[in-house]
Amino acid sequence: MSSGWLTTALILFPVAGAILLWVLPLRPFAVGSTALLFALVEVGLWIDSVAQFDFSQPGLQLDQRTSWFSDLHVSYHVGFYGFSIWLVGLTTVVLAAAIGYAFWAGRERPRAFYGLMLLLTGAIVGVFVAQDLLLFYVFWEAMLVPLYVLVGVWGGAGRLRATLVFVIYTMAGSLLMLASIIVLGLSQGTFDLVTSGTNGSDWIFLGFVAAFAVKAPLFPLHAWLPEAYRESSPEVAAVLSGVVSKAAAYGFLRIAIAKFPGPVSEFRTPILVLAACGLVYGSLLAFRAPDVRGVIAYSSLAQMGLITLGLFAVNDLGLNGAVLQMVNHGLISATLFLLAGGIERRTATGELALLGGMARGRPALATVLLTAGVIALAVPGSAAFAGEFAILAGVFQTGWGYAVVGAVAIVLAAMYILRLISAVLHDRVGSAVPEGALDLRPAELGVVVPLVAILLVLSAWPAAITERSFVGSAANVVGRVAK
Amino acid sequence: MILALDTPPIDWFALAPTLALLTAGALNLILAVLWPRSWKRPTTAVVCALGFAGAIVAAALLFSHSADGHGVIADVIQRDRLGALTAIIIAGAGLLAIGTSYSEPMADDHIAEYYALLAWAGAGMVFLASASTLLTLFLGLEWFSISLYILCAIDRDLAGSLEAGLKYLIIGGFGSAMLLFGSALVYGATGRLEFGEIANVVQAQNLSGDALLVAGLALLIGGLGFKASAAPFHMWTPDVYEGAPTPVTAFMSAATKTVALVVTLRILVTAFPQEARLWTVTIAVIACASLAVGNLAALVQKGLKRMLAYSSISHAGFMLIAVASDNALGGRALLYYLIPYSAMSVGAFAVVAARERELNRPVTLDNLAGFGWERPLLGISMMTFMLGFAGFPLTGGFVGKFYVFAAAYEHGWIWLVIVGLAATAVSLYYYLGVIRAMYMRPAEELQLAPVGGSPPRELVLQSTVTAALVVTVGSFFAVQPLIHVAKEAAASLPF
Numbered sequence: 001m002s003s004g005w006l007t008t009a010l011i012l013f014p015v016a017g018a019i020l021l022w023v024l025p026l027r028p029f030a031v032g033s034t035a036l037l038f039a040l041v042e043v044g045l046w047i048d049s050v051a052q053f054d055f056s057q058p059g060l061q062l063d064q065r066t067s068w069f070s071d072l073h074v075s076y077h078v079g080f081y082g083f084s085i086w087l088v089g090l091t092t093v094v095l096a097a098a099i100g101y102a103f104w105a106g107r108e109r110p111r112a113f114y115g116l117m118l119l120l121t122g123a124i125v126g127v128f129v130a131q132d133l134l135l136f137y138v139f140w141e142a143m144l145v146p147l148y149v150l151v152g153v154w155g156g157a158g159r160l161r162a163t164l165v166f167v168i169y170t171m172a173g174s175l176l177m178l179a180s181i182i183v184l185g186l187s188q189g190t191f192d193l194v195t196s197g198t199n200g201s202d203w204i205f206l207g208f209v210a211a212f213a214v215k216a217p218l219f220p221l222h223a224w225l226p227e228a229y230r231e232s233s234p235e236v237a238a239v240l241s242g243v244v245s246k247a248a249a250y251g252f253l254r255i256a257i258a259k260f261p262g263p264v265s266e267f268r269t270p271i272l273v274l275a276a277c278g279l280v281y282g283s284l285l286a287f288r289a290p291d292v293r294g295v296i297a298y299s300s301l302a303q304m305g306l307i308t309l310g311l312f313a314v315n316d317l318g319l320n321g322a323v324l325q326m327v328n329h330g331l332i333s334a335t336l337f338l339l340a341g342g343i344e345r346r347t348a349t350g351e352l353a354l355l356g357g358m359a360r361g362r363p364a365l366a367t368v369l370l371t372a373g374v375i376a377l378a379v380p381g382s383a384a385f386a387g388e389f390a391i392l393a394g395v396f397q398t399g400w401g402y403a404v405v406g407a408v409a410i411v412l413a414a415m416y417i418l419r420l421i422s423a424v425l426h427d428r429v430g431s432a433v434p435e436g437a438l439d440l441r442p443a444e445l446g447v448v449v450p451l452v453a454i455l456l457v458l459s460a461w462p463a464a465i466t467e468r469s470f471v472g473s474a475a476n477v478v479g480r481v482a483k
Numbered sequence: 001m002i003l004a005l006d007t008p009p010i011d012w013f014a015l016a017p018t019l020a021l022l023t024a025g026a027l028n029l030i031l032a033v034l035w036p037r038s039w040k041r042p043t044t045a046v047v048c049a050l051g052f053a054g055a056i057v058a059a060a061l062l063f064s065h066s067a068d069g070h071g072v073i074a075d076v077i078q079r080d081r082l083g084a085l086t087a088i089i090i091a092g093a094g095l096l097a098i099g100t101s102y103s104e105p106m107a108d109d110h111i112a113e114y115y116a117l118l119a120w121a122g123a124g125m126v127f128l129a130s131a132s133t134l135l136t137l138f139l140g141l142e143w144f145s146i147s148l149y150i151l152c153a154i155d156r157d158l159a160g161s162l163e164a165g166l167k168y169l170i171i172g173g174f175g176s177a178m179l180l181f182g183s184a185l186v187y188g189a190t191g192r193l194e195f196g197e198i199a200n201v202v203q204a205q206n207l208s209g210d211a212l213l214v215a216g217l218a219l220l221i222g223g224l225g226f227k228a229s230a231a232p233f234h235m236w237t238p239d240v241y242e243g244a245p246t247p248v249t250a251f252m253s254a255a256t257k258t259v260a261l262v263v264t265l266r267i268l269v270t271a272f273p274q275e276a277r278l279w280t281v282t283i284a285v286i287a288c289a290s291l292a293v294g295n296l297a298a299l300v301q302k303g304l305k306r307m308l309a310y311s312s313i314s315h316a317g318f319m320l321i322a323v324a325s326d327n328a329l330g331g332r333a334l335l336y337y338l339i340p341y342s343a344m345s346v347g348a349f350a351v352v353a354a355r356e357r358e359l360n361r362p363v364t365l366d367n368l369a370g371f372g373w374e375r376p377l378l379g380i381s382m383m384t385f386m387l388g389f390a391g392f393p394l395t396g397g398f399v400g401k402f403y404v405f406a407a408a409y410e411h412g413w414i415w416l417v418i419v420g421l422a423a424t425a426v427s428l429y430y431y432l433g434v435i436r437a438m439y440m441r442p443a444e445e446l447q448l449a450p451v452g453g454s455p456p457r458e459l460v461l462q463s464t465v466t467a468a469l470v471v472t473v474g475s476f477f478a479v480q481p482l483i484h485v486a487k488e489a490a491a492s493l494p495f
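Protein chains in written order, with our numbering: chain A, 1 to 483; chain B, 1 to 495.
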């Protein structure tokens, strides 16, 4: 098996699993366990691809290319760069955790549900490995369809409105991106991301930015976010905020920054300002949010602002920090959403006012939530600290003002995370917390602990990612990617 | 023989797809009289299907043996790959329409005539697809239109069927009159009927911009616009689509549109290349109007057939963008687009037909609730068709739209790309609305008791829908071969 097939397998294997689940009339338990098995094997495939990846080489690896339709020069072209391999890893791990959580929590119509989750896995992996503009768009859209159904069918009471707003926002961005792709691809005579050169058109650049800024989301395009994150089931919210938002950040890096050096320097200031606004605004909203999911949702908005700051610093520190922070935040927010799901199962509410005192007699919940929270608020020595520090140091070189805003936001992060922890774990025992509410069950621990464990490993060894995302100078690699 | 007529040599092979369908229709009329009543339904359906299948085989052979397009039978018919490919698409839509018709609760006494008319409508369309003079153009158009007028009104038990037929007849007659008048004006200006000769005369006598010619061209576009149901010639579409028996609607929405758009492309490119500056803009404006009218009106529809009718208007708009581009890429885009579009269109109406039979009443967004879970195959197919109409990837609808926009870009009309994308954005609301209705709203909400018992197992209908699904999804993966075929077909036109 040539190594390129591994990349294709990473896309097709979960899709095959989805089709299998839809075709075979399995019993609900068998469906859930099969889906989990597929998700875990997918993680194994990713580990294999890391093992085969040569981190000392800067170029595209494990790549595969076949012509799709030749008259417009569109091809099926997939492969890995250093930074994309970490995001694929994040995808496989978070999706496996999400599927595991759903398996434990139980979902109605399991064949449809797990099939869609696996399909989503394939689509997101596709986004991260696609090296052809049209293929990228195909996976980008393919990601939306399962999400739409997952939120719309298995979501909460307000799911119909939430999906509508979500789809309208994302599609408005995506279609602008499609216009950009058509113009860029046809004007260059190829849709290939590796062989095509850079472009100086502001409009094409802005079309791409529109799609990514909506999906991330970037302030002020985040109106879909609170409802989508609140109304979807916890594991879907975990995927949305943990992984799907990273697809947008990846798009900024792989396409907007790498292909449009001119427009990037031109629009850098407004984008950085918006990112900084989102960072502060999201942090403030997270501090004011009345429910657990609201805190995590708005903190996600803030974190995406921070990651965008790092990306558009376009220097070594900023880019390395952004990639690390993408992985960090993906793991943290997935953990928090899954824990929020566990809390909601026990208390039937996410209202912070009705919660409290859950630490007493529930040591596992307290420990896991506290650990994830402490990493999220970027305590020195944590992985998030490494990421945020690198981002702030990077953006400091662009303008010290951004770094100051970022530093303020880190303080705010400490405030909203500590507020969340104390409102859930400490204080008086909330009125919605039943006396007999159980501690985290072994199955829940089995889902959440690996995520936290990876975060702890990254805390001890952030260089695992920062030194293996870009070979040599990051800015050069972005330039080389652009070549 | 008192009068000796000089008959031109006849290329029977070029006529073979038409003849296959004519034969099937004639056989069915004989069966209508001679065959026992209880056998009529299966037998006539099979004969009709054989006719369409024969037409596909003949057209495929014709395609491979007509690399160089040329006129046959005194140049009234163009034997080329464009006509052959169009015939294949039409006959494919016809086959799917038969599958949709099979378990339609229609009275037995006219079933043979129904299939006969379906075959003849197909024959007329196949004939029209290779027409190369104004005379054969009108002949083919009336041929299939008259068959369709009757088909729309054939189900006398169906409320609205007769009204639909009458409405289509009157408005269709108006459209035909426009076409005929336009042909007369063009003939008056140039003195020729053959498409190619019209262009030559305009070139030789420097007639470009001649008032008669331009007026004739405008009327021709209008007349064809009626058949393609492009705005502002679309008014009949929602009423007729809603009133006609659903299988007939399915066939019309796919096949009529296919032939009308292909003929529009053929006549504009071969007969009026000198007026390209005029008609590209006109067609682009019509495309924009269709996109606007179709999409905005579809937003507020409750009845599914009406919604799909407006959606078909908007798709006429998308495909007219390809025609307006006036380049080889546009021709390719149109022919490719028609393949998944026809499959999705017949498939969607087939699903509507299934639900109609289940509930015994017109299908609305409200009474679709829970359908996706009750009938998994039909549900997932309908979802795919809707996603395909909306241009989502993993369906041919995406690639079709991509090609259409690429053609408009190549023509230098980025504004048209933007209009098309805006229309796509609007269309998402109602296409996803169908998915929402099928999957996200519990059936209990409605308190709508199905007629009772488990849903009927309509094997023929289900395989029809599956076939449409395979084409819809398959055309996404098999872009290369399909585009190659479309390219060969578009090469028949003098771009």
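FYI, nobody ran anything at the bench for these hints, they're computed from the structure.
Here a beta-carbon is modelled for each residue, glycine too, at the ideal position from N, C-alpha and C.
Please note that the accuracy of each hint is not assured.
As the list claims (entries may be wrong) - If the Cβ cut is set under 7 Å, some of the chain B residues that face chain A in the computed set are: (1) F392; (2) A406; (3) Y409; (4) H411; (5) W415; (6) V419; (7) T424; (8) A425; (9) V426; (10) L428; (11) Y439; (12) V479.
Stated by the list, open to error - Calculated from the model, a selection of chain B residues having no Cβ within reach of chain A, i.e. all distances over 10 Å: (13) L5; (14) T23; (15) L31; (16) H70; (17) E104; (18) W143; (19) A215; (20) A289; (21) P393; (22) E410; (23) A422; (24) Q480.
Results of checking the hints against the structure:
This hint holds: F392 of chain B has a C-beta 6 Å from the nearest C-beta of chain A, less than the 7 Å allowed. For A406 of chain B, the suggested interface contact is upheld, since its CB lies about 6 Å from the closest CB of chain A, less than 7 Å. The interface hint given for Y409 of chain B is met, as the beta carbon of that residue sits about 5 Å from the closest beta carbon of chain A, less than 7 Å. Because the smallest distance between the Cβ of H411 of chain B and any Cβ of chain A comes to about 11 Å, over 7 Å, the interface hint for this residue is violated.
Checking W415 of chain B against chain A: minimum C-beta separation of about 11 Å lies over 7 Å; hint violated. Evaluation of the V419 of chain B hint against chain A yields a violated restraint, the C-beta minimum of about 11 Å exceeding 7 Å. Restraint check, T424 of chain B versus chain A: the minimum CB separation of about 6 Å is within 7 Å; hint holds. This hint holds: A425 of chain B has a C-beta 5 Å from the nearest C-beta of chain A, less than the 7 Å allowed.
Residue-level restraint check for V426 of chain B is violated (minimum Cβ-Cβ distance to chain A is 10 Å; threshold 7 Å). The criterion of a C-beta within 7 Å of any C-beta in chain A is met by L428 of chain B, whose closest approach is roughly 5 Å, and the hint holds. At its closest, the beta carbon of Y439 of chain B sits 6 Å from a beta carbon of chain A; the interface hint therefore holds under the 7 Å criterion. The closest approach between the C-beta of V479 of chain B and any C-beta of chain A is roughly 4 Å, which is under the 7 Å cut-off, so the hint is satisfied.
Every beta carbon of chain A lies more than 10 Å from that of L5 of chain B, the smallest distance being close to 47 Å; the non-interface claim holds. For T23 of chain B, the shortest C-beta to C-beta distance to chain A comes to about 38 Å, beyond the 10 Å cut-off, and the non-interface label holds. Distance check for L31 of chain B against chain A: the nearest CB is about 40 Å away, which clears 10 Å, and the non-interface claim stands. No Cβ of chain A comes within 10 Å of the Cβ of H70 of chain B; the nearest lies about 26 Å off, and the non-interface call holds.
At roughly 29 Å from the closest C-beta of chain A, the C-beta of E104 of chain B stays outside 10 Å, upholding its exclusion from the interface. With a minimum CB-CB distance of about 35 Å to chain A, W143 of chain B clears the 10 Å threshold, and the non-interface call stands. At roughly 36 Å, the least C-beta separation between A215 of chain B and chain A is larger than 10 Å, which holds for a residue marked as non-interface. Every CB of chain A is more than 10 Å from the CB of A289 of chain B (nearest about 20 Å), matching its label as outside the interface.
The Cβ of P393 of chain B sits about 4 Å from the closest Cβ of chain A, inside the 10 Å cut-off, so the non-interface label is violated. Residue placement check: E410 of chain B does not keep its beta carbon more than 10 Å from all beta carbons of chain A (closest about 7 Å). A cut-off of 10 Å between C-beta atoms contradicts the statement that A422 of chain B is not in contact with chain A; the least separation is 8 Å. Its closest Cβ contact with chain A, about 5 Å, brings Q480 of chain B to no more than 10 Å, contrary to its assignment away from the interface.
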